[in-house]
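There are 4 protein chains.
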Amino acid sequence: MRDIQSEPDLRQIDIDQAGIRNIRYPITVKDRVNGSQRTVASINMSVNLPRDFKGTHMSRFVEVLDKHKENVHIDTVKDILSDIRTVLNAKRSQIELNFTYFMQKAAPVSKLKALMDYNCTYSGTLSEVEGEPLLDSVMTVRVPVLSLCPCSKEISAYGAHNQRGIITISARTNRLVWIEELVDYAERSASSPVYPLLKREDEKYVTERSYDKPVFAEDMVRNATMLLDADNRILWFEAAAENFESIHNHNAWAMISRTKGDISVCTPFRQS
Amino acid sequence: MRDIQSEPDLRQIDIDQAGIRNIRYPITVKDRVNGSQRTVASINMSVNLPRDFKGTHMSRFVEVLDKHKENVHIDTVKDILSDIRTVLNAKRSQIELNFTYFMQKAAPVSKLKALMDYNCTYSGTLSEVEGEPLLDSVMTVRVPVLSLCPCSKEISAYGAHNQRGIITISARTNRLVWIEELVDYAERSASSPVYPLLKREDEKYVTERSYDKPVFAEDMVRNATMLLDADNRILWFEAAAENFESIHNHNAWAMISRTKGDISVCTPFRQS
Amino acid sequence: MRDIQSEPDLRQIDIDQAGIRNIRYPITVKDRVNGSQRTVASINMSVNLPRDFKGTHMSRFVEVLDKHKENVHIDTVKDILSDIRTVLNAKRSQIELNFTYFMQKAAPVSKLKALMDYNCTYSGTLSEVEGEPLLDSVMTVRVPVLSLCPCSKEISAYGAHNQRGIITISARTNRLVWIEELVDYAERSASSPVYPLLKREDEKYVTERSYDKPVFAEDMVRNATMLLDADNRILWFEAAAENFESIHNHNAWAMISRTKGDISVCTPFRQS
Amino acid sequence: MRDIQSEPDLRQIDIDQAGIRNIRYPITVKDRVNGSQRTVASINMSVNLPRDFKGTHMSRFVEVLDKHKENVHIDTVKDILSDIRTVLNAKRSQIELNFTYFMQKAAPVSKLKALMDYNCTYSGTLSEVEGEPLLDSVMTVRVPVLSLCPCSKEISAYGAHNQRGIITISARTNRLVWIEELVDYAERSASSPVYPLLKREDEKYVTERSYDKPVFAEDMVRNATMLLDADNRILWFEAAAENFESIHNHNAWAMISRTKGDISVCTPFRQS
Chain G
1 MRDIQSEPDL RQIDIDQAGI RNIRYPITVK DRVNGSQRTV ASINMSVNLP RDFKGTHMSR
61 FVEVLDKHKE NVHIDTVKDI LSDIRTVLNA KRSQIELNFT YFMQKAAPVS KLKALMDYNC
121 TYSGTLSEVE GEPLLDSVMT VRVPVLSLCP CSKEISAYGA HNQRGIITIS ARTNRLVWIE
181 ELVDYAERSA SSPVYPLLKR EDEKYVTERS YDKPVFAEDM VRNATMLLDA DNRILWFEAA
241 AENFESIHNH NAWAMISRTK GDISVCTPFR QS
Chain P
1001 MRDIQSEPDL RQIDIDQAGI RNIRYPITVK DRVNGSQRTV ASINMSVNLP RDFKGTHMSR
1061 FVEVLDKHKE NVHIDTVKDI LSDIRTVLNA KRSQIELNFT YFMQKAAPVS KLKALMDYNC
1121 TYSGTLSEVE GEPLLDSVMT VRVPVLSLCP CSKEISAYGA HNQRGIITIS ARTNRLVWIE
1181 ELVDYAERSA SSPVYPLLKR EDEKYVTERS YDKPVFAEDM VRNATMLLDA DNRILWFEAA
1241 AENFESIHNH NAWAMISRTK GDISVCTPFR QS
Chain E
2001 MRDIQSEPDL RQIDIDQAGI RNIRYPITVK DRVNGSQRTV ASINMSVNLP RDFKGTHMSR
2061 FVEVLDKHKE NVHIDTVKDI LSDIRTVLNA KRSQIELNFT YFMQKAAPVS KLKALMDYNC
2121 TYSGTLSEVE GEPLLDSVMT VRVPVLSLCP CSKEISAYGA HNQRGIITIS ARTNRLVWIE
2181 ELVDYAERSA SSPVYPLLKR EDEKYVTERS YDKPVFAEDM VRNATMLLDA DNRILWFEAA
2241 AENFESIHNH NAWAMISRTK GDISVCTPFR QS
Chain V
3001 MRDIQSEPDL RQIDIDQAGI RNIRYPITVK DRVNGSQRTV ASINMSVNLP RDFKGTHMSR
3061 FVEVLDKHKE NVHIDTVKDI LSDIRTVLNA KRSQIELNFT YFMQKAAPVS KLKALMDYNC
3121 TYSGTLSEVE GEPLLDSVMT VRVPVLSLCP CSKEISAYGA HNQRGIITIS ARTNRLVWIE
3181 ELVDYAERSA SSPVYPLLKR EDEKYVTERS YDKPVFAEDM VRNATMLLDA DNRILWFEAA
3241 AENFESIHNH NAWAMISRTK GDISVCTPFR QS
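Residue numbers (the numbering used here), protein chains in the order written: chain G, 1 to 272; chain P, 1001 to 1272; chain E, 2001 to 2272; chain V, 3001 to 3272.
Where hints are given, some of them may not hold.
Said to hold, decoys possible - Mimicking DSS-like on lysine-lysine, the simulated pairs with C-alpha atoms at most 30 Å apart in a straight line are: (1) P:K1078 with P:K1054; (2) G:K78 with E:K2105; (3) E:K2105 with G:K105.
The hints are simulated quantities; they were obtained by calculation from the structure and are not laboratory data. Bear in mind that the values here come from a model prediction, so they are computed numbers and not experimental data.
Extracted from the complex, chain G is given alone in its bound form:
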């Protein structure tokens, strides 16, 4: 059979990224407490495609994914990206893993425990810099929190509007930073964490604690920035906070992005 994809292309145009998107696969993620946990990911994979070839061989992405299936793991991503580069004969390979991560969380007073879910994204790019393979990776955690409005508290005789919000932290690091650590930075930036299971004594505690620590979306990204700035393992970060305002049908939002270290080798390519 003819291999159309391998044939030359006359337009002479390099393609930045070609690959597959939105394939779902079970993966294993490093877990600070339990070593690892099984979850389900929606995955994007791509390579650069030089001007000389008409198409990439999309099925090979799935073969690499399936080969590593007992071990599609943030630790083994470099191997996966390396395998992709080899089987597709590419200079640059990319992967994006979107998954739910679970952490056991204890209520603040009763100490009752249940599982809390966090949407996370790990994206990695393996490229060649001066002949050497180089991995650029970004971990993103999306952390639901409680935010209580400082303005509403200040101007009202009693009460204060509050709401669920999401703090999103993305980080490039020079050493392992646990998902648990980024979640902790986000939760400490808010009026209160949210919990999967609260009894009445816990609900009282969370209500009063959040009233004592009012924050705007702007405060949450500034608080996160202070924590992320102080962590020397982090070379670059973006912190965003979005509040699902309880008094509006639209959201309040703030964002800070900072480069702290040398990320000159990082890929400027779009991950999603």
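Dock chains P, E and V against chain G, hints included.
For chains P, E and V alone, kept in the frame of chain G given last:
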């Protein structure tokens, strides 16, 4: 050319509904204040298909929709459904219009106005009952509200967790009930309406008012039920309330459905 | 502390369902080949609430879920529903589990294997009928398939438009019917299954096979109906097919629902 | 009342963007054929916030939006962004308008017309460069198309798998480029446009035409690149193609981004 769709089908199986889904079109909706408003709808349309035919002619749905395009209107839905029955030679035709509806809303103290958006669905079925065409229609409004937790208020020394929620009301009526009226029933069932535009004096008012009127999701559907029960134009309703809990990453929810009048001619068919 | 939820309510209105929605938890599902598989579910849980009580105790749903967490399993759902009835002192309890299910699927010629994902929903209601607990459960599978248009094939000199579609089958059964069996019914109703991994010889096979077996959305639900009708374990089903038409920006859709056995004890309550 | 937002902030951290997200408003968009069209937009608005202030005054975004409500228009975006800068006393203001755009489209043979919908995003940033206000804007169109696989056609005795795809084109320009022109570039890059309304003679035409013009996702972005490269009004673009593969449950994807002119003044800030 052969007309495959019109050919006989040997399996002898009636099809409950066959049609098109998720076609987007500009429509006009009745507006209590301004007479009418233009908006954008995602539309589903279908007919029953007798066992004798292999397929329905899907393009005719679009022709009917486009013919009425300056007037795809809740008042003209019966004409559209009647046209569909005719061109597709069907006993029963159905339409579902999902659209954003805007209302100008004044802030409670400053009286400053801006537009508030509501997700609405109108679904209609035209069938034949004893030789006569009969329209069964359901209007659904989804109303964002503020809910403040009675338990949190009661047990806490100060403050109370609150959040955005959605009250969804569906109704079958024997006379016109305005979208504005269903929205009003929903908003009166909550701790407070939400607003597009609030200045500080408004925010103080909303904060204090909601603290004075705490409601569970359960309270909101009971409050709505009392209002819907008292409205004699309403033959059947379903009221649901979902709170995007500010202390959890999951939602609290309650639902009540009631038949008040004779809806024996109403269609049991699935609308979505 | 006062227990507001347990206090009497003066409105004297029964609530059909009160509970939590969209809580995510890891669950285990029965797997025909491997015994069981771990996946992630989005879960809704509810109970009826009599007119005498102001609210339900939402945290108890999470406690029951967490108690069964190593074994949140379609086989143990009856125990979970029974526990919910007990801790919430309710007559009727309901659960809905939405999850991704994986099956290893071999390509038709090369026999290369990879994992294929299916969106599934299991919903169960435990109520009391003449003093006895009775479980009503519905399994829903959503199966991506390839459909090739019979009209386009017939009228064109060459080629035929085809597209990805989704066949959704819901079933009430009197004995275990495997997810794998419902998936099989759906795939046999289409022009071809879709696959996670296809090499060129497989792609040739799928292309030619689907051209040899053209189906409308209407054909797919009729084909599924014949298979579901012939399975005596199935008491009730709904089969729907939606094609993401490659020649339009809207979808073609058909649906058949059938009651075959005695489902008089089944709940009419809304699951989603 | 105290104005908390205007108070000084001790953390001394500049915020890149602070504002509101996901507010829905009716807007008017320039229309090449009819002058203008009314549609519904989901809107994000933001400003930079200097380190000296605790928060931004979110309600002012809504006031500006409502002030321009009869004329929230791509032509007037500069005025809106300028007003935002003024009322919020900011150096930089940003807006993102996500909306459905309708074009009347004639079937290729019957010439029957109906409306086709396109998801579009306009994003604009007004900043100050050497004391002068400067607008950087990006228009994005998402165009559904038909793609037919060259490999499947080549290796199969008959037929070829094809599917709906989406070509997304974003462009920075130095003069007006109509939405209609970007849509045209996308449609010419595919196997065929898709249509809202096709009769049998049209379906035959589209089927045969797409069979005669097979394209990979890679071909579509290369074809688009050639057209976008040749248009001198375009300074920068990104073209992506995603195919909802009819033989898989995942998508094929390719992307090319190119800077052609001087975009040194363009904002690097994230728009979504």
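Enumerate the violated hints, using their earlier numbering and listing them in ascending order. 3
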